[in-house]
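Take a look at the letters that make up each chain.
2 protein chains.
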Amino acid sequence: MTGNGCSAAVQRANSNEGKIDPMREVFQQELTEVQDRLVEIAELVLDSIRDATTAFNTADIALADKVIASDPTIDELAVELDELAIEILYRQNPVARDLRIVVSALRMSASLERMGDLARHIAQLARRRYPDHVVPESLRDTFTQMAAHDIHAATLLEQLLRTQDVELAAKLIQSDDAVDALHKTVFETVLGDGWQGEAEKTVDVTLASRFLERFGDHAASIAKKVQYLSSGDWAAAEPA
Amino acid sequence: MTGNGCSAAVQRANSNEGKIDPMREVFQQELTEVQDRLVEIAELVLDSIRDATTAFNTADIALADKVIASDPTIDELAVELDELAIEILYRQNPVARDLRIVVSALRMSASLERMGDLARHIAQLARRRYPDHVVPESLRDTFTQMAAHDIHAATLLEQLLRTQDVELAAKLIQSDDAVDALHKTVFETVLGDGWQGEAEKTVDVTLASRFLERFGDHAASIAKKVQYLSSGDWAAAEPA
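The listed protein sequences derive, respectively, from chains A and B.
Per my numbering, residue 1 is the first one in the first sequence, and the count goes up by one each step.
Per my numbering, residue 1 is the first one in the second sequence, and the count goes up by one each step.
For reference, chain A alone in the conformation it holds in the complex (with noise of 0.2 Å):
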């Protein structure tokens, strides 16, 4: 979480006096590790929605089943970095931006969290229709677009907690947008005269829908606390 361009700053601020404060250095020890168990549960999450979309996809019931066993490793994770984001603000009582950080490490936190459940109730659909696919032909190319652009945004994810390059953020929330797009696109087929599918299809690929589309959201909501936390303008970051 703390960033190149934080690291910077702070070192500038430090040579600037001196002297190195040692206090100041364990905290941005921790900050560092606060972003390194981030990065872990991101590539967790990154495994899971990859793994998860491709079970969904192809009916492949030991990916959704994989999926489904390591959901509680990212439960436990991510409560480990909050409990990590807790001690920080106990023994160090940050100010100011860096405050802000160890806040906002909490909410991605949940965030990730949320996302690890989205993939596996993506999973536990795929298991549940196996040896059927869950989706129907007409639409499977929509929903293979659709878990293309929520890997995409995992990876992204991943990435932008690892360099915090805010770059990363602004293309994550365009993948976003166009799940968003995709999400609509899957209501006009289905509410379509074309549509074929049985009440069960309608119900899954409806809930299917949804899981990619909050997915993405949360993604995106990750993203611009990212931003925010770089360009300073907290509130904004909120209603995401």
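It is possible that some hints are incorrect.
Across the chosen pairs, the derived CB separations fall in these ranges [what the hints assert, rightly or not]:
#, chain 1, residue 1, chain 2, residue 2, range
1, A, ALA96, B, ASP75, 22 to 32 Å
2, B, THR58, A, GLU198, 27 to 37 Å
3, A, ALA62, B, ALA181, 44 to 54 Å
4, A, ARG140, B, LYS184, 20 to 30 Å
5, A, ALA148, B, GLU25, 55 to 65 Å
6, A, ASP21, B, ARG91, 47 to 57 Å
7, A, PRO131, B, ALA170, 19 to 29 Å
8, B, ASP165, A, ASP165, 45 to 55 Å
9, A, GLU198, B, TYR90, 48 to 58 Å
10, B, TYR90, A, THR32, 42 to 52 Å
11, A, ALA96, B, ASP165, 50 to 60 Å
12, A, ASP21, B, ASP180, 25 to 35 Å
In the DSS-like style, the derived pairs of lysine-lysine whose C-alpha atoms are separated by at most 27 Å in a straight line are [stated by the list, open to error]:
#, chain 1, residue 1, chain 2, residue 2
13, B, LYS171, B, LYS184
14, A, LYS171, A, LYS224
15, A, LYS224, A, LYS184
16, B, LYS224, B, LYS184
17, A, LYS184, A, LYS171
18, B, LYS171, B, LYS224
19, A, LYS184, B, LYS184
20, A, LYS66, B, LYS184
21, B, LYS66, A, LYS184
No wet-lab data here; the hints were simulated from the structure.
Predicted, not measured: the structure shown is a model, and the values here were computed from it.
Note that beta-carbon positions come from the ideal geometry of N, C-alpha and C, so glycine has one too.
Go by the hints and put chain B onto chain A.
Okay, now just chain B, sitting in the frame of chain A:
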């Protein structure tokens, strides 16, 4: 957020020392302010879910518009509460349980804000299908029950946040279990042989049921946080 139990404990601690700590007193006032604001948002969320489900169940477009128009107020209040919590973290450097109370207020405001969004989604469904009812005759009783449980949960939530009476938390969680059970019933109906709904009805019913279920989940997750703040077993409250 302080609760009578906590305030009493603080007063005891202060009187044991034979003096009142003025910093401590300011902090208690600030925690009371956080609590008051959570209650204020919970009241608005209660109004929203009551109006949204009434609009939904009776095809009342004026009520639906009222809910949609009032959602930004909930969003703003949640942002302001977050700013206050961050300021308290900055100025007071709370430790142990106090720190967890402030951090949990940030989490609770996020859940309340999301509950407001879900009420708005329900109102938007009512608006879109007006003058028709969203839900067909055969499912109206089920949705009326779901709405009643969500309203009950929101009512208990407001009381719980106001009084910190943890017995209310257990009741609230029961109400959420009832919503989950009804949510399953909706799917059984939609997937049953007797279902005559067009795809549009199937989509609407699926989404509406999901929104009502998520509303209850968020209420229950707040209740669990209050429970665990009371018991001290914080980590167990996280996966909710």
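These are the hints, each one checked on the structure:
1. A:ALA96 with B:ASP75: 22 to 32 Å: holds, 24 Å
2. B:THR58 with A:GLU198: 27 to 37 Å: Once the Cβ atoms are compared, 30 Å apart, the range 27 to 37 Å for GLU198 (chain A) and THR58 (chain B) holds.
3. A:ALA62 with B:ALA181: 44 to 54 Å: 31 Å Cβ-Cβ, so the 44 to 54 Å window is violated.
4. A:ARG140 with B:LYS184: 20 to 30 Å: holds, 28 Å
5. A:ALA148 with B:GLU25: 55 to 65 Å: holds, 57 Å
6. A:ASP21 with B:ARG91: 47 to 57 Å: violated, 21 Å
7. A:PRO131 with B:ALA170: 19 to 29 Å: violated, 42 Å
8. B:ASP165 with A:ASP165: 45 to 55 Å: holds, 49 Å
9. A:GLU198 with B:TYR90: 48 to 58 Å: With Cβ atoms ~56 Å apart, the hint holds.
10. B:TYR90 with A:THR32: 42 to 52 Å: violated, 22 Å
11. A:ALA96 with B:ASP165: 50 to 60 Å: Because 37 Å falls outside the window, the suggested range is violated.
12. A:ASP21 with B:ASP180: 25 to 35 Å: violated, 52 Å
13. B:LYS171 with B:LYS184: holds, 20 Å
14. A:LYS171 with A:LYS224: holds, 11 Å
15. A:LYS224 with A:LYS184: holds, 23 Å
16. B:LYS224 with B:LYS184: holds, 23 Å
17. A:LYS184 with A:LYS171: Holds. LYS184 (chain A) to LYS171 (chain A) sits at ~20 Å (cutoff 27 Å).
18. B:LYS171 with B:LYS224: holds, 11 Å
19. A:LYS184 with B:LYS184: OK: LYS184 (chain A) and LYS184 (chain B) at ~25 Å, within 27 Å.
20. A:LYS66 with B:LYS184: holds, 25 Å
21. B:LYS66 with A:LYS184: holds, 25 Å
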